[in-house]
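Colleague: Protein chains in written order, with my numbering: chain A, 1 to 77; chain B, 1 to 145.
No lab work stands behind these hints, which were simulated from the structure alone. Nothing here was measured: the structure is a model prediction, and the numbers come from that model. Only true hints are included.
Subject to a maximum C-alpha distance of 30 Å in a straight line, what follows is the list of computed BS3-like cross-link-like pairs (lysine-lysine): (1) Lys62(B) <-> Lys128(B); (2) Lys62(B) <-> Lys120(B); (3) Lys22(B) <-> Lys62(B); (4) Lys120(B) <-> Lys22(B); (5) Lys120(B) <-> Lys12(A); (6) Lys12(A) <-> Lys62(B); (7) Lys12(A) <-> Lys128(B).
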Amino acid sequence: MPISVKFFASLKESLGVSETTLDDGDLQSVGDVWQRATSDAPAPTNLLCAVNHEHVDWDHPVSAGDEVAFFPPVTGG
Amino acid sequence: MRVRLMPAPYDPWSELAAYEAKHLDTGAHGACCAFSGSMRDFNQGDTVDTMTLEHYPGMTEKQLEAIIDDAMAEWPLLDALILHRVGEITPGETIVLTACWSAHRAAAFDACRFLMEALKTRAPFWKKETLADQSERWVDSNTPG
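Chain A with its partners taken away, still in its complex shape (with noise of 0.2 Å):
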């Protein structure tokens, strides 16, 4: 199963991308998903991440099928 890949907000329009999909191949980490997902784009410095829904960090591990997220701080309430 591929992993798909999720980008919010400001992050969304400044890559210009809101959802990809990636085979999982040789992804081991949230951090090898952004490298691939963004061609290498640098990571902006607070990015947060989640798989399938939980806040995780960059090194996180991931496998087939998983929701991966990107996107900066939360600005609710």
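Guided by the hints, dock chain B onto chain A, whose structure is given.
Modeller: What follows is chain B alone, placed relative to chain A:
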């Protein structure tokens, strides 16, 4: 439902009363503490015309439910409620309502504050402002308190 995303303007106090009438046993709670947050028409020295609240469907609801679970585990609450607006909003409209019910006031007061502060760091919502000159900008951080 303890968590609802609201796509249209709503009255937080009638929602609060309706939820309490439906979900809380009469006489069981001695305290209800509620916080309502609404949209200002100014931010960082500029006049703000409208604001768009983006969210992450699925994760937003899951995180809000988890925040309520954490509050219920930490304090002796009878129930809790979070409503949050999504989409385009205008000044004066309610963005968020958090409410907690408990037998005594301390738990309701403390847990209600916790819900708001946790929401502001864990729930994936993002605000984009449209200013008076129709330029747009993302809100990049929360105000301290």
